[in-house]
Each structure stands twice: as C-alpha cells, then as structure tokens.
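Quick note, the sequences are listed as chains C and G, same order. Quick note, the first sequence lines up with residues 1 to 277 if you use this note's numbering. Quick note, the second sequence lines up with residues 1 to 571 if you use this note's numbering.
Calculated directly from the structure, the hints in this document are not laboratory data. The hints are all genuine.
Think about it this way: if two alpha-carbon atoms lie no more than 25 angstroms apart in a straight line, the pair counts; the simulated SDA-like pairs of lysine to any residue are:
1) G:Lys135 with C:Glu57
2) G:Lys126 with C:Thr136
3) G:Lys83 with C:His220
4) G:Lys83 with C:Phe226
5) C:Lys42 with G:Gly201
6) G:Lys239 with G:Pro251
7) C:Lys141 with G:Leu128
For clarity, every value in this text was computed on a predicted model and none was experimentally measured.
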Amino acid sequence: MLALEAEPGSAVEISALDIVLWGVLPYVMVVVLVGGLIWRYKYDQFGWTTRSSQLYESRLLRIASPLFHFGLLAVIAGHFFGLVIPMAWTQAVGMSQEFYHFNALLVGGIAGVGTLGGIILLIYRRRTTGPVFMATTKNDKTMYVVLTGAIVFGLWTTLASVFEGEHGHNYRETVAPWFRSLFIFQPDIAAMAAAPFSFHLHTLVGMALFVIWPFTRLVHAFTAPFHYLFRPYIVYRSRDRDRDGSRAGAAATRSSGTAARRGWSAVGTRDRDTRNR
Amino acid sequence: MRVMAQMGMVMNLDKCIGCHTCSVTCKQAWTNRAGTEYVWFNNVETRPGQGYPRRYEDQERWHGGWVLNKRGKLVLKAGGRVKKLLGIFASPVQPELKDYYEPWTYDYKTLVDAPLGDDFPVARPKSLITGEDTKITWSANWDDDLGGSAENGHLDPIVEKVRRESEDKIKFAYEQTFMFYLPRICEHCLNPSCMASCPSGAIYKRVEDGIVLVDQDKCRGWRQCVTGCPYKKIYFNHKTGKAEKCTFCYPRVEVGLPTVCSETCVGRLRYLGLFLYDADAVTAAAAVTDPQELYDAQMDVLLDPNDPAVQAEARAQGIPADWIDAARRSPVYALAKVYKVALPLHPEYRTMPMVWYVPPLSPVVDLLRDQGHDGEDAGNLFGAIDALRIPVEYLAELFTAGDADRVTAVLKKLAAMRSFMRGISLGNDPDDSIPEAVGMDSQTMYEMYRLMAIAKYEERYVIPKAHVEQAHDLEEMGCSLDFEGGPGMQDSSPFGEASGRPVPVAVETFNALRDRQTSGAAPGETTLRGRVNLLNWDGTGAPAGLFPEKAPPGAGGGPGPGPGSQPGDRP
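When you get a sec, could you build the whole thing from the sequences and use the hints?
Written out as structure tokens, the structure reads:
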C-alpha cells in the first residue's frame, strides 16, 4: 500500500510499445478527432445529423434511446470525476477511499449497466426491425462494434474491481495521473503502463472510438443544441445579415462598407460564401 | 409597428373537385426522392375524414401548436425548452410511418420479364421502405370520397368533437351525408410552432416574403418540429435524416410564377398574393385568451395596404414600392380581410396560419338540391344554412375554433353572391336587397364575384418578383454555388445517404442538361437492358437491341427465343 502510494509506476519497465500507446497515440487521437470534426463540419454540414430511425420504429426506441443516452451522460460524468479530480482532493474533503470506491462502483455500475442495456436494446431493435436494419450502413455497424466494445470493456474494469474488492486496482493512482499528465504534454507513461490489462484495453478501444467519431453519425453529440435554451422562438433570416431583422434595403447600403454613399453602389452582390461561412 | 410582407394563399373549397392534381404535381416537383416517398407537401383530404397523417388534428395526442399556460403566456403544447431538450433522445410524441402510410410501388418488372406460362403475371405491391412484399392498408388519401367512412368516419377528430358537443350526430348515411375536399400545404404561419420547437434553430422565416424554410445544413434531425407543427406539415426525410417541408415553391415565387400546386390546379381555386402585417403584434395576437377571438386578432395583425400610414411605414422598413403595390392588389388580402370570406385553418392552434380557406357552400347546396329545392334561391339558402347545423358546426371546428356564427356569415355571403348573380344572369334587375342582407353593397358583391368566379389568372396570382439586385442572394440561401462535383444526386457518401453538401439546384440542372446534350444516349437507356426505346429511335441504322439476338445453335431445351425472352438479358 505504501509502495503504491509512493510511485505506482516506478517498478514497471517502460517498453517502446508503452510509449507508442500511452505517449503517442493519445495525441494522434486528439489530432484526428479535432481535425476530423473541423473538416467534417466544413465539408459535410448536410450529413451532420442524428439520422434518427424513430420514423420506422418508436416503441423500443422510446425506452432504449433515453436509457442509453442518459446512462452515457452519467458515465461521462463518472469519468470526469474519476480521471480529472485528483485523489488528494477527494481525500482533502474527507472522502475515504472506501466511500469513494463504493460510490464509484454503485453509480458507475448503474450507469454502465443502463448504458449497456440501452445499447443492447438499440442493437437488437436495429437488427430485428426490417426498415431500421435496411437503413444501417457499414459505417454504422463499425461504429456500433467500437462503441459497444468501449462500454463492455469499461464495465468489465468496474465489475472486476467489485469482485476483487479491497485488493482491486486503484485506477486513481495509475490511469488518472496519466490522463491528467497528457494535458501538460508530460505523459506519465509509467503510471499508465502499471495499470492492468483491462484498463489498457478499455482505454485503447475508447481512443479508437474517438478516432472514428468524426466520421460516424456520432458527430451529432458535438452539436447538442444547448443554445435552444437561449435563442428566440421565432427565427427570421434575411439575405442581409448586417441589418438585423429588417428588410434588405437598397443594394447600395448593403453591398460593402464603402458603398453606403449614393452613387457608389457596388456592381453585383457580395459572394455568399464569404459571408455565410 | 414593424411592417413585414407575407406571401399567402387562399383556397376556395367550393371549387375543389378532389382531383389531386396539385398533390401529384407537387410530389413530382419536390418529393419524388429517396427518403420522401411517404411525403406529400401538398395533400388533399376528404372531409369528414381522418386526414394525413391519420388524426393529425387530435392535439391531445400529438401535442402540436401553442397553448396558453396558467399565467396566460404562450407556450408550446409539447412543452418548454428544458422539457424538449430532456425528451430529445426519443421524441415523446412522434408520428410513425404507420400514422402516415407505408409507401409502395408495384413489381412492374414481372409483367415484362415473367417467363411464358399459363398464368398472367401479377405486379405485386412492394414496400418502398423494406423492398419486401407488402399489403396496402392505408395511404395519404385512403378515405377519399368518404371511402370506408361507414367504418372509419367516427375516427375523424372533428367528427368526434362535434358529436360530443351536439345532440345530433354526424351520420354517414347516404342521404344525410356531406363532404368536401380540403387541400393542405404548409401554412407558413406568422407564429410557427415548428420553428419554435427546433432545437437547432434551423427553421427560419424569410424576412422578405415570410416563407418558412428548413436550412438543410443546420438541421440535425432532432425531429421536434414534426411534433411542434399541429398541421403535421413537417416531414422527416428518413434517408437524409433531415426535416423537410413545403417551400411555397420559392424558386418560382421569386420570379413571379405561382406555386406548382396553384399553377396546375384544375379548379383554379388557389389565390396567391401578399399580406402586409405588423410583426410586433403577432405574439400578443396569438395569445388572445378566447380561441374564438383568435380570428379577429389575426385580422387585426393584417395591415391595410391602402392606408397611407401603413405604406409609409412599409417604405421606411425597406419594402420596395412594387411590393407595396402588389399588396394593394393582393387577392388574398381581398378575400380574407375586405370580403371576409376566407378563414384560417384551425386558428385555435395559435400559429397564425397564412393559408386561408373559403369554406364550401356545396354541402348546403347539395342537400337542398337533393331534397328538391331551388339551391340558388337566397331565401332557401339562408334558411338551409341556419337549419343545417351539422355541416356548419363541422366547418366551424375547422376554420373558426367552433364559432358557428362566423362560418354562417361567410356561407351566407357566398349564398348571397350565388343568388344575386343568378338574378343578373337571368336578365333581372340586380336585387340589391340580397347583398344588403349580408352587409355588402352590389358593387362589392360584383367585384367579389369577379375574383371568385371569373378568377382570371392575373387576378388570382399577384406575385411581386424578388428584386434583381437580390437575385444572387436569393439563389439557394446559405448554400454555395461554388460547388466542385461533390456527391452526386444518388451517391451514397461514407457518412450515409446523401451526406456532403447538397447539390445546388442550378448545378444539378446544369449537369443534367449537359449530360442529356452530350451523352448521345437516349434518356433512360440504362434501364432498357439492351432493348431500344422506339420513341427515341431516329430511323437511321439498326441500334443494338433493335432486333432480338438470334439464338445460338444448340441452345434448345427451353421455350427458345419466344416472345417472352429478353435479348441480352441472359446469355
């Protein structure tokens, strides 16, 4: 116990593979994720959609989809709590390791099982409802494999620690420091290498998921419409963006900044592309 | 006062013969694509009837439109912003395909390709969704002409309501029945609840002409708009995952042409023109407490284009002079506010719809005639309108939130016009007492007759063109013409059906035209499987496939190259 607290990764030999997996791959993943999202947002606005299949089937979806999505939101919150908040902080506020562990397992387990149950139900629905299966692309199938893999392996790490109990692996001393170290570009490869195989697998599949994310229908998560809470109900759109709400007036006043004076009307109109994008 | 212009439509239901030409031409123009097989931007319903999608008017089930909350504030019936976001993972009240219908085609190929046999080949119905054999059980106009209403008539939500409120029952017995057709498009509302429901803010109202459109690039397929629209006139394209709706044929309207549904209307019953309205007054008008006063509130929002103050304000807001002039000549303004014979569809949804209807007098006239009375005599008609409570109450539920007096007033105007003009046609002196009985003068009545009965093309459609200096901007707003190839119309991109930027219409048309002019192949050649379309054959030479291939020697066994075999089809 004491040795672990001192330097969890110190006893582990770092191999070249470890460096690639835990020192290089995370950054490659981020580059692909961010670059891919930007590229897709610019190139494929039209394809950026949930591709909902509710029109075909609603009865199962109504249970499975909220189960999966809300479960996933809880899972994300749990990941944040486990990975971002250092152990020292929770201990500083008086949260014992046992309490934290129990809590993480209970809430994380419920969320994980809900998410898994949701996605199993969704996949069952997708396979058995004729029209939904017809509308499933290869891209979707690949995505489902990786997504389900990430959830299953994640749940495995959680369940394993339930059965191992006290002797289980404390990821807050290996995975979490590594995760935080990535953000300061000083990856603590040794810490991650010390984690058991199940955590490695979950992390790798998770990174695979983020790599394919921009190229699948999962992109809809990045346009979650929070701005709906703040926008006005009625949306007016004019060809003239400068004069909010009011009608596009004479061409002279709107074509360009210098053309406001009489007799200086621009010929033609401004290119839409430069204005809209 | 903020004056804005709105393109509006009026449909004169007395003239609708239910031929569905508008629906068909609209479908050919807009929704003959993958993913929109079940979609009819324009549909024609027989009323009484369930409509399309089935029972869409039952807002207790579909939660469309607006309601007033306890504090008298206008809120979406389906719930506020937070509730909508929480329900986003599975839209709680969402019509399914079975509420519309499962679109189908027929296996026509069998008719041509079936091997010679004793039985006639049959073209089986195939689902356009699954491609499998299907059983046709419903469609967009399954209950056309009251078909099946002895069994299903009671399922019409309006019938239910009128039955509840009246001791008489709407009967579907032959001798007591009434019916009329109700063509429906998007209402292009002043206070659209679809727009308010859209989490992405992809649905917008054009400032220039009030047409409500869906930005296909911004739509993310959350499908809340489908729930939000009480008329169920927003459809989910199940291939692209985007919402689609009636566009008011904006590319045509912008160049001064009527919409496709109007242009092709056999009964010439549609009117197109401008309304000027006070945009600042819309929300307050939609929040009037008594639903039966919504009609008046909506009337008050519409501004008189002949009022110099309105004109001055319109000019100040930048509305071009020719648009103001068009608003003064607008047939829809005349029918809605001057003659007051056009009524909005379901004002109680509080969306301020801008497609208006002249309620049909024909149920009344038909009943009179069937009972052996003179259906054009003013006294008979007035008496019948008062006596025939059921048709009037039914119309009132559709057009005035149940205010039968309002519908009666309109029907009496129509009856008066009918009777007044009959007198003139018979060579009698105009009977001024008839127009006076409905609060009009002879001159106005005659003008109304001209607009409604003569209905000249240029009087029905007063559509000011979009301005040339705006033309470049108007073209496919928010969508680039700077388009490099991209995914073709039918191509499937790696991200699913038709991802990538949509092909701008102009590019698509240009490419199609160029292909046709340069390819040398007859259009549709690919589907001919080696045969020749004789209509495209210019008579010179013998193109491949003109004659059946000679059977190779020794290819016996089967029936041989008989009339049923296809050259080039199989080796």
